[in-house]
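Undergrad: Chain residues, written in single-letter form:
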Amino acid sequence: MRPSIARPSLRPIGLPRPVGVRVDRDSLPRALVRTDARGNRGVEARVESVEEIWRVAEAWWREAAQARTYYRVILEGGRPSTLFRDDDSGAWFEQPYSAALR
Amino acid sequence: MPTAQPDVQSRSVACLAIPSLALHSELVERPGLAGAPVALSDEARSRVVEVTREARLRGVRAGMTLRDAVGLCPTLSILEARSALVAQYAEALVEAMSAVSPFVEESEQGVVFADLRGTDGLYPRVEDVRRAVFAGVPPRLSPQLGIAGARFTAYVAARRAEPSDAVHVPAQHAAGFLASEPIARLPLPVEEIERLRMLGISTCGEFAAFPRHAVEAQFGFEGGVAWLAARGEDPRPVRPRPWVRERVVEVAQADPPLVSREAILHALEQMLGRALRQPRAAHRFVRLIRLRVETERGALWEREQALREPLGDRGRLWTVFRTLVEYAEFPGPLSLVTLELGGLTEESGRQHSLFVEQMRRREQLDEMVRHLKVRFGESPLARVVEVEPWHRLPEYRRALLEYDP
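Sequence order for the protein chains is A and B.
In this text, residue positions in the first sequence follow this note's numbering: the first is 1, and each later residue adds one.
In this text, residue positions in the second sequence follow this note's numbering: the first is 1, and each later residue adds one.
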């Protein structure tokens, strides 16, 4: 019996989840719709306010560069959330975000 | 050979030597080849490694190709060394020397030293020593025994002895006895021996004639030891084998030989269970495991593993053995498997933790995870590990790593 080939055992935490986002004329998020694992659309949640906007560009010198525009928003009912738009594809994602350790 | 009761200084060390142990081991197993020209081949079966006297008389020499050897001696019998057999006879030599002294050193396979000091009451005459040692050695191995006041002298005496005979060198005659001995036997590295030859020194007598300080200036500490050895005053003691802690051994003969790894694992699992059921292993912890297998063609494979912490748990011991076997490259189908649990200790040998409760919980968790892993094929638990905590994209910062106790 040959030794089995080890599978990669590291699974990243905090992967972004795709969400549907409705934007206003200024391209700011106004409402978001989450989708569950089976692809069922949930109830639309209205964005009450956009608290903060920042841009992250990673490895811009590579072909597979990642550029995102993050929005920290308050949803209806006062619940906070962080969304980002992939600047390359224009797709929207929801992702918990905290400051990186230095 | 003087047989009068010698003084203690003249019989401090005995050396039992079997020149060409691999060849003689094979000859013992094949009595029909007595007196026939025989050569031992290397593993690749391309060259001659050792030859009997009869083969040498016909011009066969070590290092020749088998084709040349057979060309010179068409009746030559060519044998292949079986390492398992050689190891078995080497162990028999150690046992034979252990009959006369508790301090026995195997310096190489086929050369065994014994410290005879204090044994003169049991074996007053050299002949008594010879008889006691040779009682445990098959005569067809042609054992040679040397007895002297120092290690090197005893070794040379053994090499000069006739087969199944002993040579005793009294202390006062040691220097003279060694004087004509070629320097190649001196305990010096090959390069230093070559250097001595280039200086025109070819015998121990010539070497010993130099002043000690001159030899040490040229050859350092080792040179000084060799100088004393050449004078019959070798200062190197017999270094007995380290004391072996208690152990349990399980041996299984496989007929037909085990070929598949699954079959070997099944056999080994049963053997481990039997070994742990031995009264000596009950409630004990194991510090060292050893697995030794012999193939049907006599090749030997052996692995030894000292455990990071003593283990008493069958499951964890089995994990170690299984890993050993899964990565092993056996030299052929296995006919004999020997499993050894060594360094047995009491449970009290384990260091206690200050955090007993936490440790207990951790052990319970580990045990549970092991069960789940067996059930589902992978561990359902994972640990959070930091990967690049400084990364600006959150998914690169941390990851889950499978928890595998």
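Calculated directly from the structure, the hints in this document are not laboratory data.
Incorrect hints may appear among the rest.
[To be verified] Restraint ranges, calculated between C-beta atoms of paired labels, are given here: (1) 355(B) - 35(A): 30 to 36 Å; (2) 323(B) - 60(A): 43 to 49 Å; (3) 370(B) - 36(A): 41 to 47 Å; (4) 375(B) - 41(A): 49 to 55 Å; (5) 90(A) - 392(B): 39 to 45 Å; (6) 364(B) - 30(A): 25 to 31 Å; (7) 390(B) - 41(A): 25 to 31 Å; (8) 34(A) - 355(B): 40 to 46 Å.
Just so you know, even glycine gets a beta-carbon here, dropped at the ideal spot from N, CA and C.
Undergrad: How does the Cβ-Cβ distance of residue 323(B) and residue 60(A) compare with 43 to 49 Å: does it lie in that range?
TA: holds, 46 Å
Undergrad: Please check whether residue 390(B) and residue 41(A) have a Cβ separation lying inside 25 to 31 Å.
TA: Roughly 36 Å apart at Cβ, these two residues miss the hinted range, so it is violated.
Undergrad: Taking the beta carbons of residue 370(B) and residue 36(A), is their distance inside 41 to 47 Å?
TA: violated, 34 Å
Undergrad: So the hint says 25 to 31 Å: do the beta-carbon atoms of residue 364(B) and residue 30(A) match that?
TA: Given a distance of about 52 Å, which is not inside 25 to 31 Å, the answer is violated.
Undergrad: Given the range 39 to 45 Å, decide if the beta-carbon distance of residue 90(A) to residue 392(B) lies inside it.
TA: violated, 21 Å
Undergrad: Between the beta carbons of residue 355(B) and residue 35(A), is the distance compatible with 30 to 36 Å?
TA: Distance hint for residue 355(B), residue 35(A) is violated at roughly 46 Å.
Undergrad: How does the Cβ-Cβ distance of residue 34(A) and residue 355(B) compare with 40 to 46 Å: does it lie in that range?
TA: holds, 43 Å
Undergrad: Could you see if the CB distance from residue 375(B) to residue 41(A) stays within 49 to 55 Å?
TA: Violated: the Cβ-Cβ distance is about 37 Å, outside 49 to 55 Å.
When the structure is compared with the earlier hints, violations turn up for hints 1, 3, 4, 5, 6 and 7 and for no others.
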